[in-house]
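Student: Once you've looked at the hints, dock chain B against the given chain A.
2 protein chains.
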Amino acid sequence: MLLAPLAACASTTSAPPAPVAAAAANPPAGMQYLYGSGEGAALSVQAWHGLLGYVASKMKARPADSVVLSQGASLDAPTFVPCGDKPLAAVFDVDETVMLNIGYEYHDATSGKGYNAADWDAWEKTGEGAVEPVPGADHVLAALRKMGVTVIFNTNRSAANADATARAIRAAGLGEAVHGQTLYLSGDDAMGSRKDGRRATIAASYCVIAMGGDQLGDFSDLFNAGQSVPTRRAATMTLPIAGMWGNGWFVMPNPVYGSGLKGGFDDIFPMDKRWAPPAKGE
Amino acid sequence: MLLAPLAACASTTSAPPAPVAAAAANPPAGMQYLYGSGEGAALSVQAWHGLLGYVASKMKARPADSVVLSQGASLDAPTFVPCGDKPLAAVFDVDETVMLNIGYEYHDATSGKGYNAADWDAWEKTGEGAVEPVPGADHVLAALRKMGVTVIFNTNRSAANADATARAIRAAGLGEAVHGQTLYLSGDDAMGSRKDGRRATIAASYCVIAMGGDQLGDFSDLFNAGQSVPTRRAATMTLPIAGMWGNGWFVMPNPVYGSGLKGGFDDIFPMDKRWAPPAKGE
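If you read the sequences in order, they're chains A and B. For the first sequence, the residue numbers in the working numbering are 17 to 298. For the second sequence, the residue numbers in the working numbering are 17 to 298.
It is possible that part of the hints are untrue.
What the hints assert, rightly or not - Chain B stretches covered by chain A per the calculated footprint, using a threshold of three residues with CB under 8 angstroms from any CB of chain A:
| id | segment |
| --- | --- |
| 1 | 53-59 |
| 2 | 244-253 |
| 3 | 282-294 |
To be verified - In silico lysine-lysine, DSBU-like type, Cα no more than 30 angstroms apart, as pairs:
| id | chain 1 | residue 1 | chain 2 | residue 2 |
| --- | --- | --- | --- | --- |
| 4 | B | Lys74 | A | Lys74 |
| 5 | B | Lys129 | B | Lys141 |
| 6 | B | Lys76 | A | Lys162 |
| 7 | A | Lys141 | A | Lys278 |
| 8 | B | Lys162 | B | Lys76 |
| 9 | A | Lys162 | A | Lys129 |
| 10 | A | Lys278 | B | Lys129 |
| 11 | B | Lys76 | B | Lys102 |
| 12 | A | Lys102 | A | Lys162 |
| 13 | A | Lys296 | B | Lys129 |
| 14 | A | Lys296 | B | Lys74 |
| 15 | B | Lys278 | A | Lys129 |
| 16 | B | Lys129 | B | Lys278 |
| 17 | B | Lys74 | B | Lys102 |
| 18 | B | Lys74 | A | Lys76 |
| 19 | A | Lys76 | A | Lys162 |
| 20 | A | Lys74 | B | Lys76 |
| 21 | B | Lys141 | B | Lys278 |
| 22 | A | Lys141 | A | Lys129 |
| 23 | A | Lys162 | B | Lys74 |
| 24 | B | Lys162 | A | Lys76 |
| 25 | B | Lys162 | A | Lys74 |
| 26 | B | Lys129 | A | Lys129 |
| 27 | A | Lys74 | A | Lys162 |
| 28 | A | Lys102 | A | Lys74 |
| 29 | A | Lys76 | B | Lys76 |
| 30 | B | Lys162 | B | Lys102 |
| 31 | B | Lys141 | A | Lys141 |
| 32 | A | Lys129 | A | Lys278 |
| 33 | B | Lys74 | B | Lys162 |
| 34 | B | Lys76 | A | Lys278 |
| 35 | A | Lys129 | B | Lys296 |
Since the hints were derived computationally from the structure, they do not count as laboratory data. For glycine and all other residues, C-beta sits at the position ideal for the given N, C-alpha and C.
The shape of chain A in the complex, shown without the other chains (with noise of 0.2 angstroms):
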């Protein structure tokens, strides 16, 4: 029903405004997936329906812990900032976690420019026509609110653009965003785009049930230490840490940019992993 206008518009008949002349036919994979593909938006879904069925039922008896980590901790030995008697919070990432930005990745996709700050500052401050909710995500934060968990946003855009920001969530359907309050930016403290000290600020009001994101360091800054790719991705695979996925932890897909799209071939295929076919007469 969401994407009923998305549908209408194959079938039109004006002419569509031609990508200019330097882009290729069709979009790059990973935005086929993420933005126009039944596979891609059922991902989403699913996790937003995991998310909500997990807080629904750890509201029944009140968490001791938040599913932020304490300062000092490590993902060998993951420790949680304690509950105490605060109310119930939920921390969420912006872009490509509640919120698809459609209008500045066809600006990517069209321009072949790729990121830059300048187009992306621009966008923040004029993209809010051109969201729409990650599928599932608009209607979980409704579903959040009504059973009383404060929804906190947590993102790296820049603290400057504040008002754009909360006008870009309210047209996508994400409810109301208050600087400060419930939305934490990039520029808020001194740590720039790591956001662990982000979380600990909304932790030490909040009981922070559960977080969304769609990159590690949505988590814990401890991800982007500078690892090795492998290293990091074993890292994710590892008890105590696997078992957060899907319990407090809500991952949300993105293979269009990020800092999971990293990696040579060493990286990515082991060694002992490795095949060609076999020579004819073999």
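Tutor: Structure of chain B alone, referenced to chain A:
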């Protein structure tokens, strides 16, 4: 832990075989994401955790219906095969659902040849040494069997290569698969790559409590009825089907190949969600 050997590889001092000249410096973004990233691994582990939790919860009260659509069902008005007193099973696609085809994708990325049927057939026959489980799949399939749920694979690998595919499944740590009992393949019936017939055969003997796949065709052929890309995406987000994701139907990420990687600019970017940076001075 699973990827500790991978981490060791990254610091090896012996020179790796160089990719062939035509190949890019790095694997494509989708492969970096699916085979190398922590984000992709976390997303898979999360989906497998969701599946295990769902099955454990459903088993407390025996379900009335399988999650396999009944003949004549539509996506708008889905009906399901009744369970009766049939034993419980869970049905899974193989490639990029339970098993990562690391070796084949290395060949694909370095040869620059793209998919071709002859190389894929050779891979089915000889690839068993170069596969890995999808993160979480090995643990969860073992847990399901322990709970008394029969694990059944329904894949479009060829029936002619049944033995080699069973060996690859075993080599990936995914347990035993017996053709005609717990392994269904393309060629088992006259429907080619369409899986509804095989699903009906399985659901005639089992109460299918959950299904997992990386392609929508792993859940129903109705998603591959020639719809436009936006219509197909909308179908996954429309109730009651939207309610299945994470509740009986479990999607695994695959931004590398398949029916999710389709569509031109008009399919992926709705006309009313396009954006360009404002001209200077605006």
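Student: Take the hints in turn and mark each one as holding or not.
Tutor: Hint by hint, here is what the structure shows:
With 7 residues bearing a CB less than 8 angstroms from a CB of chain A, the segment 53-59 of chain B meets the requirement of three and the coverage assertion stands. Evaluation of the coverage hint for the segment 244-253 of chain B: fulfilled, as 10 residues show C-beta separations to chain A shorter than 8 angstroms, against a requirement of three. Counting residues of the segment 282-294 of chain B whose CB lies closer than 8 angstroms to any CB of chain A gives 13, which reaches the minimum of 3, so the coverage claim holds. The suggested pairing of B:Lys74 with A:Lys74 holds, with an alpha-carbon distance near 18 angstroms, which does not exceed 30 angstroms.
Our distance criterion of 30 angstroms between C-alpha atoms is met by B:Lys129 and B:Lys141, whose separation comes to about 19 angstroms. The suggested pairing of B:Lys76 with A:Lys162 holds, with an alpha-carbon distance near 29 angstroms, which does not exceed 30 angstroms. Of the supplied pair hints, the one linking A:Lys141 and A:Lys278 holds, its CA atoms being roughly 29 angstroms apart against a limit of 30 angstroms. Note on B:Lys162 and B:Lys76: the hinted pairing holds, with a Cα-Cα distance of about 15 angstroms set against a maximum of 30 angstroms.
For a cut-off of 30 angstroms, the pair hint linking A:Lys162 to A:Lys129 is broken: about 42 angstroms separates their Cα positions. With a C-alpha separation of about 22 angstroms, the suggested pair A:Lys278 and B:Lys129 falls inside the 30 angstroms cut-off, and the hint holds. Restraint check for B:Lys76 and B:Lys102: the C-alpha separation of about 16 angstroms stays at or below 30 angstroms, so the hint holds. For the proposed pair A:Lys102 and A:Lys162, the alpha carbon gap of about 18 angstroms is at most 30 angstroms, so the pair holds.
With a C-alpha separation of about 17 angstroms, the suggested pair A:Lys296 and B:Lys129 falls inside the 30 angstroms cut-off, and the hint holds. Distance check on the hinted pair: A:Lys296 and B:Lys74 sit about 51 angstroms apart at the alpha-carbon level, beyond 30 angstroms; violated. Our distance criterion of 30 angstroms between C-alpha atoms is met by B:Lys278 and A:Lys129, whose separation comes to about 22 angstroms. As the CA atoms of B:Lys129 and B:Lys278 are separated by approximately 19 angstroms, the hinted pair is consistent with the 30 angstroms bound.
Straight-line distance between C-alpha atoms of B:Lys74 and B:Lys102 comes to about 15 angstroms, which keeps the hinted pair within the 30 angstroms bound. For the hint linking B:Lys74 to A:Lys76, the alpha-carbon distance of about 19 angstroms falls within 30 angstroms, and the restraint holds. Only pairs whose Cα atoms come within 30 angstroms are accepted, and A:Lys76 paired with A:Lys162 is accepted, the gap being roughly 15 angstroms. Restraint check for A:Lys74 and B:Lys76: the C-alpha separation of about 19 angstroms stays at or below 30 angstroms, so the hint holds.
For the proposed pair B:Lys141 and B:Lys278, the alpha carbon gap of about 29 angstroms is at most 30 angstroms, so the pair holds. Simply put, A:Lys141 and A:Lys129 have alpha-carbon atoms about 19 angstroms apart, close enough for the 30 angstroms limit, and the pair holds. At most 30 angstroms may separate the alpha-carbon atoms for a hinted pair to count; A:Lys162 and B:Lys74 meet this at roughly 26 angstroms. Restraint check: the Cα-Cα separation between B:Lys162 and A:Lys76 comes to about 29 angstroms, which is no more than 30 angstroms; the hinted pair holds.
Between B:Lys162 and A:Lys74 the alpha-carbon distance is near 26 angstroms, which keeps this suggested pair within the 30 angstroms criterion. For the hint linking B:Lys129 to A:Lys129, the alpha-carbon distance of about 27 angstroms falls within 30 angstroms, and the restraint holds. Note on A:Lys74 and A:Lys162: the hinted pairing holds, with a Cα-Cα distance of about 15 angstroms set against a maximum of 30 angstroms. For the suggested pair A:Lys102 and A:Lys74, the alpha carbons sit about 15 angstroms apart, so the restraint of at most 30 angstroms is met.
With a CA separation close to 19 angstroms, the supplied pair A:Lys76 and B:Lys76 stays within the 30 angstroms bound. With a C-alpha separation of about 18 angstroms, the suggested pairing of B:Lys162 with B:Lys102 holds against the 30 angstroms cut-off. The hinted pair formed by B:Lys141 and A:Lys141 fails the criterion: a straight-line CA distance of about 55 angstroms is larger than 30 angstroms. For a cut-off of 30 angstroms, the pair hint linking A:Lys129 to A:Lys278 stands: about 19 angstroms separates their Cα positions.
Between B:Lys74 and B:Lys162 the CA atoms are separated by roughly 15 angstroms; this keeps the pair inside 30 angstroms, and the hint holds. With a C-alpha separation of about 43 angstroms, the suggested pair B:Lys76 and A:Lys278 falls outside the 30 angstroms cut-off, and the hint is violated. In summary, the hint linking A:Lys129 to B:Lys296 is supported, as the alpha carbons are separated by about 17 angstroms, within the 30 angstroms threshold.
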